[in-house]
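A.B. asks: Here is how the chains run, residue by residue.
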Amino acid sequence: MVLKIFFPQCCNRADSGLLVGRWISSQDSAVVLAVIHYPFIPGHVKQYIQQVSAEQTSVSAQVCIRDTFSPRLCLSCIVMTFESQKEQEEEEEEKVIFVHYEQRKVMLSQLHPIENGVPDPITAPLSELRQMFQTVANSQPLFFLDRYDDGPLKSTHWQTEGREASIIVELLKQACIPLCMLIGWLLSIWTWICNIRIFSLYPLRFLSSKLSTCVQLSYRTEYMRLLSSPKPAAGHTQFMRKANIVVSFLVDVALGMLLIWWLYRDNHITMLANTLVPAADHVAKELDELLQWLMGAPAGLKMNRALDQVLGRFFLYHIHLWISYIHLMSPFIEGILWYGGLSACLGLTFALSLLSDMVALLTFHIYCFYVYGARLYCLKIYGLSSLWRLFRGKKWNVLRQRVDSCSYDMDQLFIGTLLFTVLLFLLPTTALYYLVFTLLRLLVVLFQGVLHLSVDFINSFPLFAMSLRITRPYRLAEGVKFRVLCEEPGTALHLLMEINPLKCSAVVQTYRTPTYSCYPKDSWAALVKKLFVGELIYPWRHKTTKTD
Amino acid sequence: MEDEAFTDINGKSISLDCQSHSSLCSEFIVSVPKVSIGKVMVYTCCVWLLAYAVFFFTENTAVLSSAIFITLVGMMLHIHFVKVDHESLLVIGSLGIQVSSSYASGRETTTFIEMSKIKDIVINEAIYMHQIIYYLCVLLKEPSDPNAVSSVVPLFQSSKPRLNCLVKVYKSCQEIISKC
Chain B
1 MVLKIFFPQC CNRADSGLLV GRWISSQDSA VVLAVIHYPF IPGHVKQYIQ
51 QVSAEQTSVS AQVCIRDTFS PRLCLSCIVM TFESQKEQEE EEEEKVIFVH
101 YEQRKVMLSQ LHPIENGVPD PITAPLSELR QMFQTVANSQ PLFFLDRYDD
151 GPLKSTHWQT EGREASIIVE LLKQACIPLC MLIGWLLSIW TWICNIRIFS
201 LYPLRFLSSK LSTCVQLSYR TEYMRLLSSP KPAAGHTQFM RKANIVVSFL
251 VDVALGMLLI WWLYRDNHIT MLANTLVPAA DHVAKELDEL LQWLMGAPAG
301 LKMNRALDQV LGRFFLYHIH LWISYIHLMS PFIEGILWYG GLSACLGLTF
351 ALSLLSDMVA LLTFHIYCFY VYGARLYCLK IYGLSSLWRL FRGKKWNVLR
401 QRVDSCSYDM DQLFIGTLLF TVLLFLLPTT ALYYLVFTLL RLLVVLFQGV
451 LHLSVDFINS FPLFAMSLRI TRPYRLAEGV KFRVLCEEPG TALHLLMEIN
501 PLKCSAVVQT YRTPTYSCYP KDSWAALVKK LFVGELIYPW RHKTTKTD
Chain Z
1001 MEDEAFTDIN GKSISLDCQS HSSLCSEFIV SVPKVSIGKV MVYTCCVWLL
1051 AYAVFFFTEN TAVLSSAIFI TLVGMMLHIH FVKVDHESLL VIGSLGIQVS
1101 SSYASGRETT TFIEMSKIKD IVINEAIYMH QIIYYLCVLL KEPSDPNAVS
1151 SVVPLFQSSK PRLNCLVKVY KSCQEIISKC
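Chains B and Z are the protein sequences, given in the same order.
According to our numbering, the residues represented by the first sequence are 1 to 548, in order.
According to our numbering, the residues represented by the second sequence are 1001 to 1180, in order.
If you're looking for bench data, these hints aren't it; they were derived computationally from the structure.
Cβ coordinates follow ideal geometry from the N, Cα and C atoms, glycine included.
Treat the hints with care, since some could be wrong.
To be verified - Some but not every residue of chain B turned toward chain Z, in silico, with C-beta under 8 Å:
#, residue
1, V2
2, K4
3, I97
4, E128
5, L129
6, N304
7, G479
8, V480
9, K481
10, F482
11, V484
12, L493
13, L495
14, N500
To be verified - Derived coverage of chain Z by chain B (criterion: at least 3 residues anywhere in the stretch with Cβ under 8 Å from a Cβ of chain B; other residues may be distant):
#, segment
15, 1021 to 1031
16, 1102 to 1113
17, 1163 to 1176
Next up, chain B with everything else stripped away, as it sits in the complex (with noise of 0.2 Å):
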C-alpha cells in the first residue's frame, strides 16, 4: 500500500508542529496545505480549522487530531504531528513518496481540460491530480493568517511572509462597476436606435444582414452585452473569455487609432481618392478591350458571330453605366474616404469591413456579369444534358431519380436533335464568357476574402489567454512532470511536482473566441463539379455567433 504525501516547498524549513491538510483516502494520499507551530491549543487549533472548513463550499475538512501517523484513516482531514521527517521514514520506508509542489502556483493555476459542473463522484470519479489541484486551490482561507498577524496561531504557508496582492488588480476591480455601468447605459442607447421602426423595413434588414460592417457592429455589440454585466465571472471560462475580449477590443481600437494617424497626416486622403478614379477607369478600359477581344477570335477559337455580338454588347452596355456611375460620384469619393476613415476610430476590423463592403460595392457590375453568365451557361448545360439524354433515346425519371428509356415520336426526335446541334454549337461562346468572368468574380472573392479573415482573426484570437501562457505559463496547466530529488537507500522517495504548460496551440483552440466566421462552405471537389455545372457559388457562409 504506496502512501502519496504531497509537501508544498515553502514548509520544508518550517520549524516542528501540526500539519492540516487534506486525506484524499480513494487514492491514499494526502495533501499537506500548512503548519502550525508550537506552542499551540488545540482547542483554538480546532475552531481555527472549522472557522476556515466552514466557509469553503466544496472540500469538507473534518478534524482529528493523532499522535501517529496512520495510512488506514479514513476520514477526509487529518492533522499529525510531524517531528522531523527521518522519524516518520524509519516506520514505512519503501511505502511513502513524497511530492514536494510548489503551493503558490498550484494555487492559481488551471488543469485543462477545464471539467465545467460538478461530475458525478460514482461514474465519473476526479482523478488524482485534479483533486489535489481542487484542494489547494479551495483552501484559500487557510492562507489568510500570515506571520504579522497577532492571532494565537502561528501558521507556515505560502503567504506566511505576508498577503500577496496586486495594486493594478485591485484598481480594476474597483474601475470595473462604474465602467460595466457606462458600458451599459451606451448599449441601450444603441439598442434603442437600432430598434427604430423605419430600420425593421425589409429592404434596409436585407441590406444590413449583407453588409458586412453591419454584421460585425451586431457582434461587438452582442459582446459588450456579456462584458456590461456586473456580476463577476463564474469559473475560469467565463472570465478567460471576458479578459479576451477586453483585450481584444483594446488591440482593435489602437490599431483603428494607428490607421487614422498614418491616413490623416501628409495629404494621404486626397492622394488615395486622386488615385481612386483613374484607378477605376483603368479597370473599366481593361474589361473594354477583353470583351473586344472575346468578341473578335479569342484564342484563335471561332465564335458565333451573332450571339457573340449581343452578349458583347451588352456587357458593353453595362460598363458604359458602371463607369458613368463612377464620375457621377468621383467629388464625393474624397468625402467618402474621409468620414469613412473615421470609422477606424472604432476599431481595425470596422476599417476593414469598410473596405469589403466598399469593394463590393464597386465591383457589383463583375457580380452581375458572373451572374448572367453563370445562369446562361448553366441553362444551356442543363438543355444539353437533357436532350443528349433524348438523342439516346432515354428519359430522366423524376419520380424513381433515375434514368430510364423512353420511345419518342418522330417529330419529337426531330425537333430534339435540332435544338440539341444548336446548343451543342453554341457552347463555346457561352463557356468563354462563362470562363472570364468566373474568374474576375473569384479574384473579387479572394481579395474579400483575405479581408473577412483578417477581422476573423482580430475578433478571436485569444490574446489575453496567449500572453498569460508567455509569461504566467504556470497558470495554464496541462499537467505536471516530476523530478526524482534524492535517491539514498533506506529513504522514502522524494519527487519535484512542476506544473506543465499548456501548449500554445492548444491555448489558442480552447480560448477562441467564437465568431460569425466565414468558412467554405463545400470542398474543393464540390466547388469545382459546381464551377463546371455553372451553379452559382456562394463560396463564403456566414455561422451565427454562438452563444454559451
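Since the structure of chain B is provided, determine the placement of chain Z on it from the hints.
C.D. replies: Here is chain Z on its own, set in the frame of chain B:
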C-alpha cells in the same frame, strides 16, 4: 546503471540507461547518436555549391545570401524540432508514467499519464512495409468501461529500439506496475 550495445530497428546503435531510484520508481533513458559533423558538412557543401552554380548563371547575389540564410534556418529548425537526443520513461508506482523526449537544442516535451488511466504496458507488433517491428506502448482505460482500451500511446517513437531493449524495459515496468 547499465549500458549494453543495443540497436534500433534500422541498425543504428543506441544506448539504454536504466536507473532504479527505489523499488517504486525507475527511469529508462534511450539515447540516440548525435548529429554527425560529417553529414552537416556534406549537406552544407552541396547546398552552397548549388547556390554558386545558380549564381554563376544568373549573376544575382541574392541567391547566395538566401542560400546561407536557408541553410542556417534549416539547421536551427532541424535541431529544435526534429532531432531527438534522448527519450526517457519514468515509472512511479501508484502515481503514473512520465514520457519525455529531449531534442538536440535542449527543448524537452513531457507527458504524464496518471495510474488511474493506465490499463497496462505491453509490447505490440506492427507490420511496416516489409518489416515486422515491435514497439512498447501504454494502453489507456476508457472512463466508462474499465475493460475497454480507449487509446494506445506508443513509447520511444524516435529511437525505435529493438526487441531485446524493449523486453528489458518491459520487465522492469511490469514489476513496478503489478505491485500497486
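A.B. asks: May I ask you to test the interface hint for B:K4 with respect to chain Z, counting a Cβ-Cβ separation under 8 Å as satisfied?
C.D. replies: Holds: closest Cβ of chain Z sits about 6 Å from B:K4, inside 8 Å.
A.B. asks: With a cut-off of 8 Å on the beta carbons, see whether B:G479 makes it to chain Z.
C.D. replies: holds, 5 Å
A.B. asks: Less than 8 Å between beta-carbons is the criterion; does B:N500 satisfy it with respect to chain Z?
C.D. replies: Constraint on B:N500 satisfied, holds at 6 Å.
A.B. asks: Verify this for me: three or more residues of the segment 1102 to 1113 of chain Z with a beta carbon less than 8 Å from a beta carbon of chain B.
C.D. replies: Since three or more residues must qualify, the claim that chain B covers the segment 1102 to 1113 of chain Z holds, with 3 doing so at under 8 Å.
A.B. asks: Against chain Z, run the beta carbon of B:L493 and see if the smallest gap drops under 8 Å.
C.D. replies: The hint holds - B:L493 has a Cβ within 8 Å of chain Z, the shortest such distance being about 5 Å.
A.B. asks: Under the criterion of a CB-CB separation shorter than 8 Å, is B:I97 in contact with chain Z as hinted?
C.D. replies: Since the shortest Cβ distance to chain Z is 7 Å, the answer is holds.
A.B. asks: Holds or violated: B:V484 as interface residue toward chain Z, Cβ cutoff 8 Å?
C.D. replies: holds, 5 Å
A.B. asks: Within the segment 1021 to 1031 of chain Z, is the number of residues with a Cβ closer than 8 Å to a Cβ of chain B three or more?
C.D. replies: holds (count 6)
A.B. asks: Checking hints one by one. Is B:K481 an interface residue toward chain Z, by the C-beta closer than 8 Å rule?
C.D. replies: At 5 Å from the nearest chain Z Cβ, B:K481 passes the 8 Å test, so the hint holds.
A.B. asks: Going by Cβ atoms only, is B:V480 closer than 8 Å to chain Z?
C.D. replies: Since the shortest Cβ distance to chain Z is 5 Å, the answer is holds.
A.B. asks: Take the shortest C-beta to C-beta distance between B:L495 and chain Z; is it under 8 Å?
C.D. replies: Result: holds, 7 Å to nearest chain Z Cβ.
A.B. asks: Does the CB of B:V2 sit less than 8 Å away from some CB of chain Z?
C.D. replies: holds, 4 Å
Hints 6, 17 from the list above are not met by this structure, while the remaining hints are.
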